[in-house]
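Student: Please model the entire structure based on the sequences and the hints provided.
Chains B and P, in that order, give the protein sequences.
Following the numbering used here, the numbering of the first sequence begins with 1 at its first residue and continues without gaps.
Following the numbering used here, the numbering of the second sequence begins with 1 at its first residue and continues without gaps.
Hints were generated in silico from the structure; no laboratory data involved.
Keep in mind that this is a model prediction, so the values were computed, not measured.
For glycine and all other residues, C-beta sits at the position ideal for the given N, C-alpha and C.
Keep in mind that the hints are not guaranteed to be accurate.
[As the list claims (entries may be wrong)] Examples of chain P residues toward chain B, derived with CB under 7 angstroms:
(1) Cys-75
(2) Arg-76
(3) His-87
(4) Phe-89
(5) Gly-91
(6) Ala-101
(7) Arg-118
(8) Asp-131
(9) Arg-149
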Amino acid sequence: MSDTPTIMPAAPNVLRTAMLPLTMALIGCAVLVALPWYASFATQRLLVEGFTVFAIAMAWNLLAGYGGLVVVGHQMFVGVGAYALFASSNWLGLNPWLCLPVAALVSALFSLISSVPMFRLSGAHFAVGTWVLAEMLHILTLNTSWLGAGAGMPLEALGDFDRWTRNAGVYWAALAVGLGALAIATTVLHGPLGLALMSVRDNEAAALASGVSVRRAKLSLWLISGTMTGLAGAVSYMNTLQVTPDATFSLNWTAIAIFTAVLGGIGTLEGPLVGTVLYFLLREVFADYGAWYLIGLGMLAIATMVVAPGGAWSLIARRWPIDLLGVRRSMPPL
Amino acid sequence: MLLELRHVSKRYGAMMVVPDLSLSVAEGDFVGVIGPNGAGKTTVFGLISGGLRCDAGAVVLGGLDVTALGADERCRAGIGRTFQIPHPFQGMTAYENALVAATFGAGLRGRQAQALARDAIERCGLEAAADILAARLTLLQRKRLELARAIATRPRLLLLDEVAGGLTDGEMNQLLQLVVSIHRSGVTVLWIEHLVHALVSAAGRLVVLADGRLLSDGDPGSVMQDRAVRETYLGSDIDEELTHAEH
Ligand SMILES: Nc1ncnc2c1ncn2[C@@H]1O[C@H](COP(=O)(O)OP(=O)(O)OP(=O)(O)O)[C@@H](O)[C@H]1O
Ligand SMILES: [Mg+2]
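Tutor: Quick look at the structure:
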């Protein structure tokens, strides 16, 4: 018996099933990339927020949901990324888009350095420790005159561009950040790091006994998530044109990230995606209710944790057996 | 010597579990480890594998002092272990459990890691359960998964902690053959088991622990004749087994 007859008819099928999602993804990308030519500035700005919040929530979700690292001071990465972009562009008089890699690099460096004190802590101490660090950076920027102190800084070089170019450019950067966050998270979780993280999440003693360096895995995750958040923060503040210590290092960033991840589903790749959509829907519909809106969000997050701890995605996945971005590895045939 | 314990000690709070233990295991040894419940057998495995830190003394693997190394580093240095109470990665399939060990314990990537994980799963008779979540495996399958994961780290020294609990005679024979074949392939084996007759048939050396001390150590025949061993086990199941083995 030869294997060939069974493989031959299967090949076109495999091709056809792979073609459909690929085609749809390509069309989707084209629609998104072309958006500045047919959508309003307001829509673009809303999507910039959406993409950056998604990336920040995804990073938080990677840390908490896959690394067991519950970060309460997640805004520190947002602040460091945004300030790095503004400072480097203003001082060097450079095109802000060219400074985005600088912001990513500074965020990566900051993640590396901050891991030294933070990784000495664990559990609740770690969570509180990240908040303390974020608050220290907040106070530090408040008192640093060459970073504009309490008044912050505008992004001067953006004034050189006309309104359309500015909006479209920021939109494209945000789109790249959002898609990049999804691609990186998916790649990471499909690779060895994802395997290590999931084993640690399930049983740390057994992971260690299987040769997994828990420390190295968590450090890698911290670097990836910190850089992702820093870059998203930088792009997000290109949208608002001004960084200030109070806004950029605000706990709000963490609150939004947690809310989004919890609502969508912590510890899944789809969760932040669903959560971001839900968060913006709720905001657009209910934001006029002021304080009640915020109280409502909080209640909803708590209700989600009680009723459906797996978030909205778990409800969807239970109803329809879809595994869009699944990371299962089945045993390969010989 | 592949493994040396030099005056190792361990206490839990006020309770001294291992007062002062020295033990050497040569490359290629097959050592059976027995002792009453609470004798400290699992604790000693923890000290060897790095899951537990010694309070004093040194653990030396292949001439290298590994006392200061963590469990993950000792695994990569060649110590594979099973847990007495199975510790599977619940949210992963049986195959993925073995893949973790092949990737990080054996340090392989891609196809090589996959092949090693697959081989471990098959050798442990888990191919039918390979793609099932570990949380859904039966206790017997989880015990086999412990073994599969341990051998997928490609150890030089394999520590087996009661992998045979609850097996039928037929299954026990299968397991015995598997461990013997692993040993033949060049792996040094330390095996804790209460089923003395199984150990006696396979092990070249028997170590008896009681209260964290080395009660007896030598070839299985003479160890079982040892007066101290007989007294420790007087009236227990193992006493019956020992008596049984004599005739
Ligand atoms: N984490 C722990 N904290 C406190 N005491 C412990 C701990 N682990 C084990 N002990 C105690 O240490 C002693 C030795 O335990 P250990 O598990 O090493 O024995 P064992 O020989 O493996 O026993 P068994 O045959 O029942 O598996 C026991 O008295 C046990 O109660
Ligand atoms: Mg034990």
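Student: Taking the hints in turn, state whether each one holds.
Tutor: Here is how each hint holds up against the structure:
1. Cys-75: 4 angstroms, holds
2. Arg-76: 5 angstroms, holds
3. His-87: 4 angstroms, holds
4. Phe-89: For P:Phe-89, the interface hint holds, since the closest Cβ of chain B sits about 4 angstroms away, which is under 7 angstroms.
5. Gly-91: At 5 angstroms from the nearest chain B Cβ, P:Gly-91 passes the 7 angstroms test, so the hint holds.
6. Ala-101: 4 angstroms, holds
7. Arg-118: It holds, given that the least Cβ distance between P:Arg-118 and chain B is near 6 angstroms, below 7 angstroms.
8. Asp-131: 5 angstroms, holds
9. Arg-149: 6 angstroms, holds
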